[in-house]
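Participant: The residues making up each chain are set out below.
Number of protein chains: 2
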Amino acid sequence: MSRDNSRKTDQLESLTQQLRKYGMRSVLFQQNMALKLGVFPTDLKTADILNETGPITAGELARITGLSTGAVTALIDRLEKAGIVKREKDPKDGRRVVIAPVSKRHQEILEHYQTLAQATKKMCVNYDEKEMDLILTFIHNITTIMEDELEKLTIERDSSL
Amino acid sequence: MSRDNSRKTDQLESLTQQLRKYGMRSVLFQQNMALKLGVFPTDLKTADILNETGPITAGELARITGLSTGAVTALIDRLEKAGIVKREKDPKDGRRVVIAPVSKRHQEILEHYQTLAQATKKMCVNYDEKEMDLILTFIHNITTIMEDELEKLTIERDSSL
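Chains as they are written, first to last, in full-length UniProt numbering: chain A, 1 to 161; chain B, 1 to 161.
There could be a bad hint or two in this list.
Repeated chains share a single entry, so a pair holds when one copy, or any two copies, can fit it.
What the hints assert, rightly or not - With a Cα cut of at most 27 Å, we get these calculated DSSO-like pairs of lysine-lysine:
| hint | residue 1 | residue 2 |
| --- | --- | --- |
| 1 | 89 | 8 |
| 2 | 104 | 89 |
| 3 | 121 | 104 |
| 4 | 21 | 122 |
Honestly, the hints are just simulated from the structure, not real lab data.
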């Protein structure tokens, strides 16, 4: 029993270390990808968020990124100038302005991510459906945790301003 | 058979999307953490690399981060000024200078990561040892893939200079 507990503790320790290592590699990958595409790392990340959410308002973008409203306005200006996003009227509510990703630029960025996706898929051939489900649920769970912690960090920072 | 294949394809698609989503959250988390600590995101990331590798030379750091030698020199200057790293003689070879993380600062950064690690560990209680091994191996594999792709990106960029 005590040996089982210590084995589990070791596994948990390895897991958090490994996740941190993976997270750091993601940060580096994103940064190098941005350099390659000739944009700022922040620009690329925001384009990626918009591809996930679809057109959203500047306020919503500020909430997701944890950036201040002022910082987001400057960011959108830069992104629009670089041809990555455009400001447009919300088709559902003409009084609202939403930030939409520019699809041509999106396609270019997606292509750069394809070798990464292909290598991942090749590696996954070794897992059966049940194992894949387990892994998918796990990645989904840690993404939710990361989102919660991100929100906490943002709230703390806002209240200390 | 054909239905099984399509199920597997769906799983692979969900997985690459989910991983990308997680990676992006890592980038945002790192950025917000850096803001909270009062350093640049790059500074924090480099400190994290040094905590993984231990003291390394500027050349080795350039190779890992994918930054040019010039950019790395500027980065180390900034990190040293911020008290995050120090330049010191390699204990194993007095002619070499290595960049070492400053442990007090390291401790501070680690504390900020603890709530994230705790939430992850709490979630993992639901997995048994065999499942944990499967997940650990998977995360290790995708980290290796990310490292390989990162290296490719860096090589491409260097050769296009």
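Participant: Look at each hint and say if it fits the structure.
Facilitator: Here is what the structure says about each hint:
1. For a Cα distance limit of 27 Å, the shortest separation of residue 89 from residue 8 qualifies neither inside one copy, at 53 Å, nor across copies, at 39 Å.
2. In this assembly of identical chains, residue 104 and residue 89 lie within 27 Å of each other by CA distance solely inside one copy; the values are 20 Å within and 50 Å between copies.
3. In the homo-oligomer, the alpha carbons of residue 121 and residue 104 lie at most 27 Å apart inside one protomer (25 Å), although the nearest pairing across protomers, at 41 Å, exceeds that limit.
4. Proximity of residue 21 to residue 122 under the C-alpha cut-off of 27 Å is found in both arrangements, the shortest distances being 21 Å within a copy and 19 Å between copies.
Against the hints set out earlier in the document, a violation occurs for number 1 only.
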